[in-house]
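2 protein chains.
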Amino acid sequence: MTYCVGLMLNKGLVFMSDTRTNAGVDNISTFRKMFAWDEPGERSITVMTAGNLATTQAVISLLEERSKAVEHRSPSILKCESMFQVATLVGDTLKEVISDHADEGQQADSGFNATILVGGQIKGGKHRLFMIYPEGNFIEASEDTPFFQIGETKYGRPILVRAYDPEMSFDEAIKLLLVSFDSTIKANLSVDLPLDVRVYAKDAFQCDHTFRIEVNDPYYLEISEGWGGALREAFGRLPDFDLDAL
Amino acid sequence: MTYCVGLMLNKGLVFMSDTRTNAGVDNISTFRKMFAWDEPGERSITVMTAGNLATTQAVISLLEERSKAVEHRSPSILKCESMFQVATLVGDTLKEVISDHADEGQQADSGFNATILVGGQIKGGKHRLFMIYPEGNFIEASEDTPFFQIGETKYGRPILVRAYDPEMSFDEAIKLLLVSFDSTIKANLSVDLPLDVRVYAKDAFQCDHTFRIEVNDPYYLEISEGWGGALREAFGRLPDFDLDAL
Numbered sequence: 036m037t038y039c040v041g042l043m044l045n046k047g048l049v050f051m052s053d054t055r056t057n058a059g060v061d062n063i064s065t066f067r068k069m070f071a072w073d074e075p076g077e078r079s080i081t082v083m084t085a086g087n088l089a090t091t092q093a094v095i096s097l098l099e100e101r102s103k104a105v106e107h108r109s110p111s112i113l114k115c116e117s118m119f120q121v122a123t124l125v126g127d128t129l130k131e132v133i134s135d136h137a138d139e140g141q142q143a144d145s146g147f148n149a150t151i152l153v154g155g156q157i158k159g160g161k162h163r164l165f166m167i168y169p170e171g172n173f174i175e176a177s178e179d180t181p182f183f184q185i186g187e188t189k190y191g192r193p194i195l196v197r198a199y200d201p202e203m204s205f206d207e208a209i210k211l212l213l214v215s216f217d218s219t220i221k222a223n224l225s226v227d228l229p230l231d232v233r234v235y236a237k238d239a240f241q242c243d244h245t246f247r248i249e250v251n252d253p254y255y256l257e258i259s260e261g262w263g264g265a266l267r268e269a270f271g272r273l274p275d276f277d278l279d280a281l
Numbered sequence: 036m037t038y039c040v041g042l043m044l045n046k047g048l049v050f051m052s053d054t055r056t057n058a059g060v061d062n063i064s065t066f067r068k069m070f071a072w073d074e075p076g077e078r079s080i081t082v083m084t085a086g087n088l089a090t091t092q093a094v095i096s097l098l099e100e101r102s103k104a105v106e107h108r109s110p111s112i113l114k115c116e117s118m119f120q121v122a123t124l125v126g127d128t129l130k131e132v133i134s135d136h137a138d139e140g141q142q143a144d145s146g147f148n149a150t151i152l153v154g155g156q157i158k159g160g161k162h163r164l165f166m167i168y169p170e171g172n173f174i175e176a177s178e179d180t181p182f183f184q185i186g187e188t189k190y191g192r193p194i195l196v197r198a199y200d201p202e203m204s205f206d207e208a209i210k211l212l213l214v215s216f217d218s219t220i221k222a223n224l225s226v227d228l229p230l231d232v233r234v235y236a237k238d239a240f241q242c243d244h245t246f247r248i249e250v251n252d253p254y255y256l257e258i259s260e261g262w263g264g265a266l267r268e269a270f271g272r273l274p275d276f277d278l279d280a281l
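Here the protein sequences come in this chain order: A and B.
When we follow my numbering, the leftmost residue of the first sequence carries the number 36, and every step to the right adds one.
When we follow my numbering, the leftmost residue of the second sequence carries the number 36, and every step to the right adds one.
These are computed hints drawn from the structure, not numbers from a lab.
Check each hint, because a few of them may be wrong.
One copy or any two copies: either way a pair holds, since identical chains are not told apart in the list.
With a straight-line Cα cutoff of 20 Å, these simulated SDA-like cross-link-like pairs (lysine to any residue) come out [said to hold, decoys possible]:
#1 K46 to L278
#2 K46 to D279
#3 K46 to G271
#4 K46 to S64
#5 K221 to E187
#6 K221 to L195
Make a model of the complete structure from these sequences and hints.
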């Protein structure tokens, strides 16, 4: 499994992904699921992937190859003129890879499916965030639904729904994502640290913060332990039910 | 979908279930998923069901029928000598119903599967809680895993994991379950009020509290609204990340 979240804020975009992949509980590995294409001053694009690892790696390799050898192959993610074109390109590539695998060779028990988040900004446009389906089509984040999750989304959703605020700072947003990831990691063996993070400030056209939160990161441990206590305290302050009043 | 939780406490057992069933989002109904067999002074047994409604209703009807006409059919849930025997009986009945449906007649796209929670106490034994699988086998709650969830379990799990305490009072336990149900109801259309509740105090051998929390229950609304605020407050008290310190 996997857990990735992209948050759209008024100040920009924040991305977080875990790095655990598994084929059964006895076959786990660490793989990066966050990828970036930056051209400082002109564009900054972040991609996060969930699903079949062979599929997502093939998609990233194709996007990568096409962005490096522009003269040979087009289109390239570095030449798309808008984030909509980027999402279309990623969607088409994903669809192509899945159908290539599905049509030929041995069939797998599990599908070759994958889901991808794409966000960023290209000069001349706004910062935008998309979720791309295995079919290659996609939806865009909006004021009403300002964040997307892919992978193991359920455990970490309630806190996002309750505490997300479009006006929040990047520092608060990273805290929110860590709480959401911590709830997921505590419940699902197939999601784990290290976590990759990227923060994109709108209209910067470059990404100033790309970093990894490692297994024993002191801030993560502080949030993980602090959140348990904070939750119990918040819970304790709510009024108890009163069976005697029934 | 469905959401049911059984909590094992040092003081006894608390059960909560929702009442929404659906076959697609355009076909929703309200059905009871909590059932009880009481013989005051001798036994109190609670059953909660999740899964295919035709399967769970058949299981309950069979258990019911066999408990009413003991001379005709055996075994009966009211005659089992231990909670282990009750769990075995429910498991056997579930397996029988599923295999009857699966073997004959038209095949359905979705399976006829169901999962069942059974808890209670019979004179001479302790209060116990079991989770029964579609195959008819089952597991029992213990100190290490003192609660079971069935149905849509993920959204409401983090708060149970964090705030459950075997020493908690029934009033606190009902509050905890309502927070867990509220997180689930907010995220999944297929889980909804009214909620059925049963509270069994150990060694009482009768159930003193069986009630329903209706859609506009003022305590539920207080918890639902209060929890959002309490969460945001708890979240606000945790230290923010510090991007500048990177």
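Each hint tested on the structure:
1. K46 to L278: Answer is between; shortest inter-copy Cα gap is 14 Å, intra-copy 47 Å.
2. K46 to D279: Close across copies (16 Å), not inside one copy (50 Å); limit 20 Å.
3. K46 to G271: between (34 Å within a copy, 19 Å between copies)
4. K46 to S64: Classified as neither; 34 Å inside a copy, 43 Å across copies.
5. K221 to E187: For K221 and E187, both the intra-copy (12 Å) and inter-copy (18 Å) Cα distances are at most 20 Å.
6. K221 to L195: Answer is both: 16 Å inside a copy and 12 Å across each meet the 20 Å cutoff.
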